[in-house]
Amino acid sequence: MTETRNERLLEVNGLRKYFPIRKGFLRKVVGQVKAVDDVSFYVNEGETLGLVGESGCGKTTSGRCILRAIEPTAGEIMFRDREKGWVDIRGLPPEELKRVRQQMQIIFQDPYSSLNPRMTLLQLVGEPMIINQGIRGKEVENRVAELLTSVGLRPEYMRRYPHAFSGGQRQRIGVARALALNPRFVVCDEPVSALDVSVQAQILNLLRELQGNLGLTYLFVAHDLSVVRHIADRVAVMYVGKMVEMATTEELYPHPLHPYTEALMSAVPRPDPRAAKQRIVLEGEVADPANPPSGCYFHPRCRYAEEVCRVETPVLRELKPERFVSCHRAEALSLAGVV
Amino acid sequence: MVANMELLEVKGLRTYFPLDEGLVKAVDGADFTLYRGKTLAVVGESGCGKSVTAQSILRIVPPPGRIIEGELLYHRYLQDEKNFTMADIIDLSKLNPKGQAIRAIRGNEIAMVFQEPMTSLSPVHTMGNQIIETIMLHQKVSKAEATDRAIDILTRVGMPRPVQTVDAYPFELSGGMRQRGMIAMALSCHPSLLIADEPTTALDVTTAAQILDLMRQLQEELGMAIMYITHDLGVVAEMADETVVMYLGKVVERADVDTLFYNPQHPYTQALLRSIPRITESRRQWLEAIKGMVPDPYNLPPGCPFNTRCQYAHEACETGEPPWVEVEPNHWVRCVLHGEAARNSGRNEGVHV
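Protein chains in written order, with my numbering: chain A, 1 to 339; chain B, 1 to 353.
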C-alpha cells in the first residue's frame, strides 16, 4: 500500500465517535451511542468518494470528525498537508490545526440555516480570507467577486444579504465560501438534498465543474443513491456506524456485495413506469446505535442471514483490490444490482 | 375493479393569497379529475401550488388565502352490495369552510396524510387517542368500540405491537412508525379519497419503500382513491395511474403515467425528466440542468410562467395565457407550442424527448 499512498489525500483508520448517554441528577454515563464505530477509508487526490447510508448511520458524523468539527473518540485521520506531508489531524495542536484546516472545507446541507442572515455575501465569503490570509479591503472584494463569478453568481450582488437569494443561489454562496481559502479537500454534506429537483442538477454540475478546474477532492455525504452514482468515483456504504461496503461506482451499482447495499439500491423508486417493480422491502427498522444487535448489525433485517451472522461481527476486508466488504457470506452470495 | 368513476372534479381552481408584499396566485388554474380507486400524482417543485391545491379541496387554506374561482365537484356514492350508485354531487368550493357539511367530509370521506409526521401529530396525546377522536367524531360508536377499531387499523398499517402502541406518544415512535400512525388515522373512517402530501419525503429510502408498499396494498383492500403529492418522479412512476404536473400555480400537463414519462409534451415536463440523475445511468455525464430558477411569486413573468427558463420560448410566450390543449385523448398541455396558431405555423415541431 505504501507506493500508492502518494496519490492518497486522506486516510481514515479506525475512526470512532461515541456519544455518551447521561441520566439522572449526577448525569452519570449509562451508555454510549456508537455513532461511528471503527470506520476506515481513504480518499485519493482529485476524486469524489460518496458516503451513503440512511439517517443515523454516522455518515455526517464521520465527515465532521475528519474536520474535527466534532472531536473523534478514537482513530487516526491522516491528511497529506501541502507543506508538511502526512499529518494526523487528530493529534494536531490548535495552531497547526488552524493552518491545515484551510485546506479542508465543508459545504452544508441546508442553505437556509448555514448562512448568517446578518452578514452580506462579501462578509460571508470574505471572512475566512480576512482571518486566515490577513488580506484587507479592495483585495478581499476582488477575490470575493472572482469567487462569486466562478460559482455562477453576479459579483454586483456581494453587498446583499442571503434572504435576497433562492435556495439554489444560497447553496452557490455556500460553495463560494467553502472555496474562499483554496481548499484541496471539501466535505459536501448532503449539498443538494434541500434543493428543488430542477436546481439540483445545476449544483451537481457546478460541483463537477469546480472539481475539474481546481483539482478538488470531495467527500460527498448523501442518502440519494442516484445522485451519488452520478457524482462519485468510489462509494462507501454505512449502516449503524459501520462501513459495510466500499467500491468503485462502476463496480458497486451493478455488483453489490453486501445485502444491505442490494436492498438500499432496490428501494430507490425508479423514474420509469415501465421498469420492473420488484423491490426488496426490508423488514423492521434501522438498528439503534445505542443498543445494536449482536454479530452483524444488519442480520435481523437480512434475508441471507445465517447462524454465524448472529454471533460474529464481520470485519471490513478487501475481497479484491479496491473492493471492500464486511459480510460473512460475501463470497457465497450473488446479489442483484442496478444496471 | 370499478372502471373510471369520477370522484372529484377540479375545474379552473384559483386560490390566491393577498399578502402585504403583493397578490400570490398560489393556484392559478388547476383542472383535473380523480377517479374511484385510482391514484393521481401531483408533481411539482416547492411553491408550485400542489399543497395549496390539496388544502383547497379540504377547505383548510390558511388565511388570508381564499378560493377565488373554480369548482371542486365531489361525487358521493352510495354502496349497496357490490354496486355503487351516485348519490349526489357536492361543490366543496361553495361550502362554508367552518360549516357542518365540510366537517362531515373532512377526515371522514376525504382524509389527508401530511409530510412531517412529528409536526402534524399532537405531541401531548397518545397515538390511540388521536385516532379514537377521529373515529368518534365521525361515527356513532362507543369509546371501547373506537379503541378496538384503532387497534385494528394500526394492525392493518403494519404497526408492530399495536395494542401497546395505542398508548404510545408520538415521540416514542420512529419516523416510519409515526407515518404509519398518520396513515392509520387518515384511514380510520374508510375515506373514499386519501390526500397524501409528500408522505415519504421525510423518511429514509428503506422506510419510504415500506410506506409506499403499504399505501398500495391498502388501496387495493379498501378501494380508495389517492391524490399523491410529490416532487419525486421516481415515486410518481411507481404509484400513479394519472399524473398532473404543476408549475407556479398552473397545471401545465396532465396525462396517464406512461404517457407522461414516454411522451411528455410540455417543455417543463421534458426538461424535468432530463435533469434528474438516475440510479440506472452510469456516472459522469453532465446533467441537463434547467437554467435559471423558479421566479419570485410576487412578480411572475407575463404570459407563460415558464417562459424565463424554457428553451423554446419566443414572443408568443410572453403575451397572454397559454392555451389548455388536448394534444391526444386524455393528454392535456398548457403551452403555446400546442395551440391552434402554433399548429398552423408548424411551431410545435421539434418538441420531443
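Be a bit skeptical, because a hint or two may be false.
Stated by the list, open to error - Some chain A residues flagged as far from chain B (calculated, every beta-carbon gap over 10 angstroms):
{"#": "1", "residue": "Lys28"}
{"#": "2", "residue": "Asp110"}
{"#": "3", "residue": "Gly137"}
{"#": "4", "residue": "Asp272"}
{"#": "5", "residue": "Arg274"}
{"#": "6", "residue": "Glu285"}
Unchecked claim - Distance ranges between label pairs, derived from CB positions:
{"#": "7", "chain 1": "B", "residue 1": "His190", "chain 2": "A", "residue 2": "Gly31", "range": "18 to 28 angstroms"}
{"#": "8", "chain 1": "A", "residue 1": "Tyr304", "chain 2": "B", "residue 2": "Val141", "range": "29 to 39 angstroms"}
{"#": "9", "chain 1": "B", "residue 1": "Thr280", "chain 2": "A", "residue 2": "Pro20", "range": "36 to 46 angstroms"}
{"#": "10", "chain 1": "B", "residue 1": "His190", "chain 2": "A", "residue 2": "Val30", "range": "53 to 63 angstroms"}
{"#": "11", "chain 1": "A", "residue 1": "Gly31", "chain 2": "B", "residue 2": "Asp91", "range": "55 to 65 angstroms"}
{"#": "12", "chain 1": "B", "residue 1": "Met118", "chain 2": "A", "residue 2": "Glu209", "range": "13 to 23 angstroms"}
{"#": "13", "chain 1": "B", "residue 1": "His190", "chain 2": "A", "residue 2": "Glu127", "range": "53 to 63 angstroms"}
{"#": "14", "chain 1": "B", "residue 1": "Ile60", "chain 2": "A", "residue 2": "Glu127", "range": "43 to 53 angstroms"}
{"#": "15", "chain 1": "A", "residue 1": "Lys28", "chain 2": "B", "residue 2": "Val141", "range": "27 to 37 angstroms"}
{"#": "16", "chain 1": "B", "residue 1": "Met118", "chain 2": "A", "residue 2": "Asp288", "range": "51 to 61 angstroms"}
Said to hold, decoys possible - Interface residues of chain B toward chain A, partial, derived using beta-carbon atoms under 7 angstroms:
{"#": "17", "residue": "Ile60"}
{"#": "18", "residue": "Glu198"}
{"#": "19", "residue": "Ala209"}
{"#": "20", "residue": "Gln217"}
{"#": "21", "residue": "Glu221"}
{"#": "22", "residue": "Val235"}
{"#": "23", "residue": "Trp286"}
{"#": "24", "residue": "Ile290"}
{"#": "25", "residue": "Met293"}
No lab work stands behind these hints: they were computed from the structure. None of these values were measured; they are calculated from a predicted model. Idealized CB from N, CA, C, for every residue including glycine.
Each hint, compared with the structure:
no.	hint	result
1	Lys28	holds, 23 angstroms
2	Asp110	holds, 14 angstroms
3	Gly137	holds, 32 angstroms
4	Asp272	violated, 5 angstroms
5	Arg274	violated, 7 angstroms
6	Glu285	violated, 6 angstroms
7	His190(B) with Gly31(A): 18 to 28 angstroms	violated, 44 angstroms
8	Tyr304(A) with Val141(B): 29 to 39 angstroms	violated, 46 angstroms
9	Thr280(B) with Pro20(A): 36 to 46 angstroms	holds, 43 angstroms
10	His190(B) with Val30(A): 53 to 63 angstroms	violated, 45 angstroms
11	Gly31(A) with Asp91(B): 55 to 65 angstroms	holds, 58 angstroms
12	Met118(B) with Glu209(A): 13 to 23 angstroms	violated, 38 angstroms
13	His190(B) with Glu127(A): 53 to 63 angstroms	holds, 58 angstroms
14	Ile60(B) with Glu127(A): 43 to 53 angstroms	holds, 44 angstroms
15	Lys28(A) with Val141(B): 27 to 37 angstroms	violated, 48 angstroms
16	Met118(B) with Asp288(A): 51 to 61 angstroms	violated, 18 angstroms
17	Ile60	violated, 24 angstroms
18	Glu198	violated, 13 angstroms
19	Ala209	holds, 4 angstroms
20	Gln217	violated, 11 angstroms
21	Glu221	violated, 17 angstroms
22	Val235	holds, 5 angstroms
23	Trp286	holds, 6 angstroms
24	Ile290	holds, 4 angstroms
25	Met293	holds, 5 angstroms
The earlier numbered hints that this structure contradicts are 4, 5, 6, 7, 8, 10, 12, 15, 16, 17, 18, 20, 21.
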